[in-house]
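Engineer: Listed below, chain by chain, are the residues.
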Amino acid sequence: MTGFLGLFRRLEGPQTLGRGPAFWALFALVLAGALAYPLFSDGYTVGNTVYFFVWVFIALSLSLIWGYGGSLSFGQTAFFGIAGYGYGILTINFGASYGFTWIALLLAIGMAALVAALLGYFMFFGRIGGVFLGIVTLAVTLMLERFMAQTAGPEWRIGAARLNGFNGMSAMPPLTIPWFGGPIVLFADVGLYYVVLAMLVLVYLALRILMNSSFGNVIVAIRENPERAEMLGYDIRKYQLITFVIGAALAGLSGVLYTVWGQYITPSSMGMTAASLPLIWVAVGGRSDLTATIIGTLVVLSGFQALTIYGSQYALVFMGVLLVLTVLIAPNGLVLGLITWVTKRVARRKQETA
Amino acid sequence: MALLQLRDLNKHFGGLHVTNSVNLVLEQGEIHCLIGPNGAGKSTLFRLILGEHHPGSGQIWFADEDITALKSFARIRRGLSVKFQVPGVFKGLSVRQNLEIALQSRLHGAALDKEIEGLLAFLNLEAEQAQLAGNLSHGQKQWLEIGMAISLKPRLLLLDEPTAGMSPEETHMTGEMVRRLNAAGMTVLAIEHDMAFVRQVAQRVTVLHLGQVFAQGSIDEIVADERVAAIYLGQAHA
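Keeping their order, the protein sequence lines are chains A and B. Be aware that the first sequence starts at 0, since it is given in numbering that gives the first Met the number 0, and climbs by one per residue. Be aware that the second sequence starts at 0, since it is given in numbering that gives the first Met the number 0, and climbs by one per residue.
Isolated chain A, as found in the complex (with noise of 0.2 angstroms):
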């Protein structure tokens, strides 16, 4: 029992933003915003916000491996390809019935955490660090994209599933809820909405609990400074590849939810621009945070998609732009920084009427 009552002061601390009973209403307030606004809107407009939630799971990934591990990846989308990929192999093979579009999803995180164990494991124990890290993971993303371009063939196949080239895999059953009176299926819309929006509220505290254990203190004592972590016994090896499959995995869940919300996914989506949009919105965001980062993510997503709308075809030369802005503004984020600013100003008044 106290293990338990141990995990939710973890929520607080040090490596995360946000504390006492103010930040714990603010929440419970965005998420009553959250929960609400299917009420208020159509099921069009609610599944493609589903659209947005979807990446702020790999951008949660990046803030983990690079914004607190310090070790920028370039791979994130690697996994996010090989989960989405393996989630249609999986189910255009063997069906939605019985629930299995669950045990796919979980397969398919399965297996982008697998691959990130195995590159992990030659990357970290070979103690390939900074910016070698960042090439290794970025030409393994880059391969797979050019390996799945020219599978358009019909000798490309793995069982049912076409993995057809540039023209991308379709049709792939969307997540279903098993229930009685017929099987509930999850297409994008409000029910996704829920299922998506509850996974980003888990695996958001869950982020909390666990950058502030005694797991977190290591991850970014590492980033800080490498060598004084392992000469206080820690093998920082081991705990960089742990940060590092928790990543992919997390990575594998943008793929995979991404997959189910179009029943679609093609090579592109493993490719040099796909690989560098993740790392805008959470340099910009603020990678060192977890709140920054979905913030930030989820801001600058939505300008992004909107510049596009509008018939910008300049939106990815103003991403190019953002990103400089934030390096030369405020080098850890936009909106961390705006936090910080803020928090600090409030302090200060705090302590004047005081």
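Keep in mind that a hint or two might mislead.
[What the hints assert, rightly or not] Under the rule of at most 25 angstroms between Cα atoms (straight-line distance), these lysine-lysine pairs were calculated in the BS3-like manner: (1) Lys113(B) x Lys90(B); (2) Lys113(B) x Lys152(B); (3) Lys237(A) x Lys70(B); (4) Lys237(A) x Lys90(B); (5) Lys70(B) x Lys152(B); (6) Lys343(A) x Lys90(B); (7) Lys90(B) x Lys152(B); (8) Lys152(B) x Lys237(A).
I should point out that these hints are in silico values taken from the structure, not numbers from a laboratory. Computed from a predicted structure; not experimentally measured.
The hints should help you fit chain B onto chain A, whose structure is shown.
Structural biologist: Just chain B now, with coordinates in the frame of chain A:
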């Protein structure tokens, strides 16, 4: 009883013989200072002991165990601990969190908090506990890192220039810290240039020169040794 034994240790960097057949025995419970001119191979010797470098030949024995092939973290877990030459604190984290990270593998909950309070008092860092370690003065960073190093309750504490950049008062305080740790049973091996500090703490001194053990003895014997004066003190005061 010998706590640490370096047996015929050799290390080459290309053609440079930085550690040349070093034999050194560290007795349990002593404060031993390692001195020598720049480039004598003192820091390399530390890196060999810690497993950051691996010797070309020779053995390192710690507490009757051959640790030559062990990884760094495994050596630390056996009772070694180090304060680096350039302070290796976690700059972006608070002083308190720095200590917590050092202590958490040994203590939890209330016991952990209590130990942190004790260490903050020992290190004169109570007022700075909420500050980022990167904002501390150079001397305070040195103390914080010493605090992190002793958090592990090591049997052997390695100090690489613990008083570099410190004022004479701070140097003296550091010396007192080291003596208190030693009185509590910790064996200490320190690289140091500051002769006042060496005088204050050292029970034995080893002089390293061109990667070799050049002389060994009490501080008075070393100071009286004209050969040492010629290579080290002589150079330093020339």
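Engineer: Would the pair Lys113(B) and Lys90(B) pass a check requiring their Cα atoms to be no farther apart than 25 angstroms?
Structural biologist: Holds - the C-alpha atoms of Lys90(B) and Lys113(B) are around 23 angstroms apart, at most 25 angstroms.
Engineer: Quick one, are Lys152(B) and Lys237(A) close enough, alpha carbons at most 25 angstroms?
Structural biologist: Distance of about 23 angstroms is within 25 angstroms: holds.
Engineer: Hinted pair, alpha-carbon criterion (25 angstroms max): Lys237(A), Lys70(B). Please report holds or violated.
Structural biologist: holds (13 angstroms)
Engineer: Is it true that the CA of Lys70(B) sits at most 25 angstroms from the CA of Lys152(B)?
Structural biologist: Judged against 25 angstroms, a Cα distance of about 19 angstroms means the pair holds.
Engineer: Sort out whether Lys90(B) lies within 25 angstroms of Lys343(A), counting only the CA atoms.
Structural biologist: Given that 25 angstroms is the threshold and the Cα spacing comes to 20 angstroms, the pair holds.
Engineer: Are the Cα positions of Lys237(A) and Lys90(B) separated by 25 angstroms at most?
Structural biologist: Given that 25 angstroms is the threshold and the Cα spacing comes to 23 angstroms, the pair holds.
Engineer: Against the 25 angstroms threshold, does the CA-CA distance of Lys90(B) and Lys152(B) hold or violate the hint?
Structural biologist: Holds, at about 23 angstroms.
Engineer: Decide if the proposed pair is consistent with the structure: Lys113(B) and Lys152(B), CA atoms, cutoff 25 angstroms inclusive.
Structural biologist: holds (15 angstroms)
When each numbered hint is compared with the structure, no violation occurs for any of them.
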